[in-house]
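*Asks:* Heads up: the protein sequence lines correspond to chains H, C and P, in order. Numbered as in our numbering, the first sequence ends at 903 without a single skipped number. Numbered as in our numbering, the second sequence ends at 344 without a single skipped number. Numbered as in our numbering, the third sequence ends at 339 without a single skipped number.
Just so you know, these hints were derived from the structure itself, not from any lab. Heads up, a few of these hints could be off.
[What the hints assert, rightly or not] For each label pair, taking beta carbons as the anchor points, the in silico distance ranges come out as:
| hint | chain 1 | residue 1 | chain 2 | residue 2 | range |
| --- | --- | --- | --- | --- | --- |
| 1 | P | R96 | C | P116 | 52 to 58 Å |
| 2 | C | P263 | P | P294 | 51 to 57 Å |
| 3 | C | I13 | H | L653 | 57 to 63 Å |
| 4 | H | F801 | C | P116 | 55 to 61 Å |
All C-beta atoms in this analysis are idealised placements derived from N, C-alpha and C, irrespective of residue type, glycine included.
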Amino acid sequence: MKDIFILLFRSKRFIVGSILFLSVLLFALIGPMLTPKSPFQMVGGLFSPPSDKFILGTDNLGRDVFIQLMYGTRTSLLIGLTAGIIATSIGVTIGSIAGYKGGITEEILMGITNVFITIPSIVILILLSIAIKTRSALVMGLVIGITAWPWAARAVRAQTASLKTREHIDIARISGFNTFEMIIWEILPYMFSYIFMVFILQFSGGILNEATLSMLGLGPYQTVSLGVMLHWSLLWEAVRTGAWWAFIPPVICLSITTFSLMSMNASMDEIFNPKLRRG
Amino acid sequence: MKNPFIKYLYQKLVWYLVAFFVAVSLNFILPRLIPGNPVAVIVNQMAVGGVQSEALEKLYNTFMQEFGLDKPLYMQYFEYLKNVFRGNLGTSFMLYPGRVNDLIGRALPWTIILQVPAILTGWIIGNLLGAFSAYKGSRFDSVVFTTSLVFSNIPYYCLAIVLLYLLGVRFTIFPVGGGYGFGMIPTFSWHFITDTLYHYILPYCSMVLVAIGGQAIGMREMSIYELTSDYVNYSRNLGIRDEKIIRYVFRNAMLPQITGLAISFGTMMGGALITESVFSYPGIGSLLFTAIRQSDYPLIQGCTLIITIAVLLANFLVEIAYGFIDPRIRAVQLGER
Amino acid sequence: MENLLTANQLKAYYRTVQGEEVKAVDDVFLEVKEGEVLGIAGESGCGKSTLASVLSFTILPPLYLIDGEVIVDSHNIFILDKETLRREIKGRYISIVPQGAMNSLNPTSRIKNFVIDVLKEHFPDITKEEALKRARERFEALSLPARILDAYPHQLSGGMKQRTVTVISTLLNPSVLIADEPTSALDVSSQKIVIKLFVELLKRNIIKSIVFITHELLLLRHFADRIAIMYAGKIIELGPMEEVIFSPLHPYTKLLISSILVPEAGMKEKKIDAIPGVPPDLKNPPSGCRFHPRCPSYMKGVCEKISPNLVDITQEHKVSCFLYGGKDGT
């Protein structure tokens, strides 16, 4: 285990990725704590460019963009995290049961999974978001998580199926563990790194899905998120007015967040998958 | 080998029909879960505009009947299914009496013309780039990999917004939106077509760039995997030259990428729709955007249905093509394994 | 008579991501004579497969050739340019039946297409029809059904694939055929058929010699003319099969022989002993003679200090052990 960490920290890509991500995280968490102002306060002129007073200018309703960015990043991360946790949990549960039990159970579970992979998730996301009553950040995370689990399930099932053939499984089964104990004690610990990578992917995907939904107008009520900021820019013609400070910062934040997460994931993939290492 | 292939075709067809059915059902049920009566909301809104109460009531009843909301749920379901299979997607709430079919019919060609070439181009270039990068290795590979990583993880619409701003507003090289010039009427004149193309470039490029990034990464990984496989070593041992070996490798690495193409249609959909909104491009994306803003449920449902059909169809065609090309898939059907 | 192939001071190491060197082939000497089957035996991890890779020119990172030469027809082929190597040597003079022959065939092309590629590479003017004809003749001559050519690899059984690969490797009539664990993944009856094929190839003079690498010493008993024992990257004993198996010199060889169950007259009384200890880590091999930590005849003050050279005991039989001399010059 320790060697893995050593290798990870030797990888330039991993270091860059984690530093970037940590910066975003700090910005999102510490930022709001340092200022008493609210992102919804109208404090300045409409669409005024960055100045000494407002680092990133104001939006279409005269609200401070910089503060919005801080709160917005926080919300987006929160939603992404919720979605990631939910999707990974459901995916691991279904995938490991399917992979371990095999037979009819596997066929049914995987059948359901495959149907939901085939149907474009954006459609389900849109329909679900319209249908629900309240759209708080957590609920959005839930909705996104519920639509994202199929990928995780498929990946986990494949891993479980191959792990199942290892010797310690037979030994443990003879000792009389039931299915759940087997999965929790004998299978999952060996997949830890894999599950973690799946989680990072879901986390990143959750952030993106939130942005997509919010941009379509299905974002969380009464909250600002990166996607919501972009939605406002679209709605109020920030682009055509040239008010770049209203949309470039959230774009950058969004891109850096997803890029850093995926970089970390790519380096982890290289470490855990030696065939991809070159020379 | 016709028999196993037809069996394969048949299996896939059944599968996709099941998926379609589930999707249609979801499409029906989910919006119905919205609390409150949308018709009442809309009629109320119209009341604000100063319409007579008698006329309002008549309108209300017409709507209820038209949308079948006066009947029990299961009857609505069958009504809906019947309509879908007849190709009738209902009437728009907001743009009454505009039919959803017409609205979508007008927007769909624009979307297809933009997305299909963009996805295909991105796929082809991305795969070539990924394979070449895997082969060359060293610095070229690192640079390409990191760049692809960057591009593939920026959401389409982010790149779209940036491009629109930089090249449309800041440096007015390209038009800032629309499918064609403001005030122009679609005709088949040369002028119109060039103008359309001009408007087409930015949305097209933003999608292609992101698609290239994603494909390059996948193809590179597959190629590296194949390059280290036993049959490559063996071919080298027998003196077969590198150029020939690369041809084997790429062909084998390409196969899973075809499945990737099928998947891209689905995953790119969300981002593609928003790209259209960003550019006010008159496709399904912008239509959906407006529909959501105005809570026009029939239109929303119609759009999601069309999107689902498009993605399922694309997936189906690609899977069939894949079964045609890869002999191992056919063998599985024949039970040779 | 000149050797078909002589390897001198061959050194090939793996360089790990952490910067360590795995000395898989360390100062190996080998000679292959015309008409013979030379067996190379040793435990897993002793470097035999790496040796096979080196001899068949599959030296790719993280494996690096550090030193040594392989002499063929008085030329050191490692100095040759890539093009000559590819055209004249690979597949034509030295050919290999790789370990994992199962996966050595391209899964998405028919056997015949691969065969045509191989032939065209070395005879650029040959036509497809001629190439196919030659292939068919060869396959049938060696009792393999010609329908294999039209098949895809996944349609063949394990034993069939092994034989197919063997035939393809010998299409160009190489002088030296290196077989890396050709029978390890097969059941006993398939093993017999494969070995028969090798014998047939040699008998018909399609190939002139075989280097047979295996961890199963018993196989070599009925098949090899000379045996080389490999341990921790070095050849520690080399001699005629009868002598190595029935009068082994090196302590390791002795232990190896006695650890095998042999249902033969005179051997029933022998006890089965496992070899004590574990094979050494090739990143940090033991100092001096690499076997000294496990050697029952270990001589303190001598064996751990320097590595013994390969000395001639008889004209044919060589061993590297201080029990028989081997200190510089002796």
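*Asks:* Does each hint fit the structure? Answer for all of them.
*Replies:* Comparing the hints with the structure gives:
In this structure the hint that P/R96 and C/P116 lie 52 to 58 Å apart at CB holds, the actual value being about 57 Å. Checked against the given bound of 51 to 57 Å, the beta carbons of C/P263 and P/P294, roughly 42 Å apart, lie outside it. Separation of C/I13 from H/L653 is about 58 Å and conforms to the stated range, judged on CB atoms against 57 to 63 Å. The hinted range of 55 to 61 Å is satisfied by H/F801 and C/P116, whose Cβ atoms lie roughly 59 Å apart.
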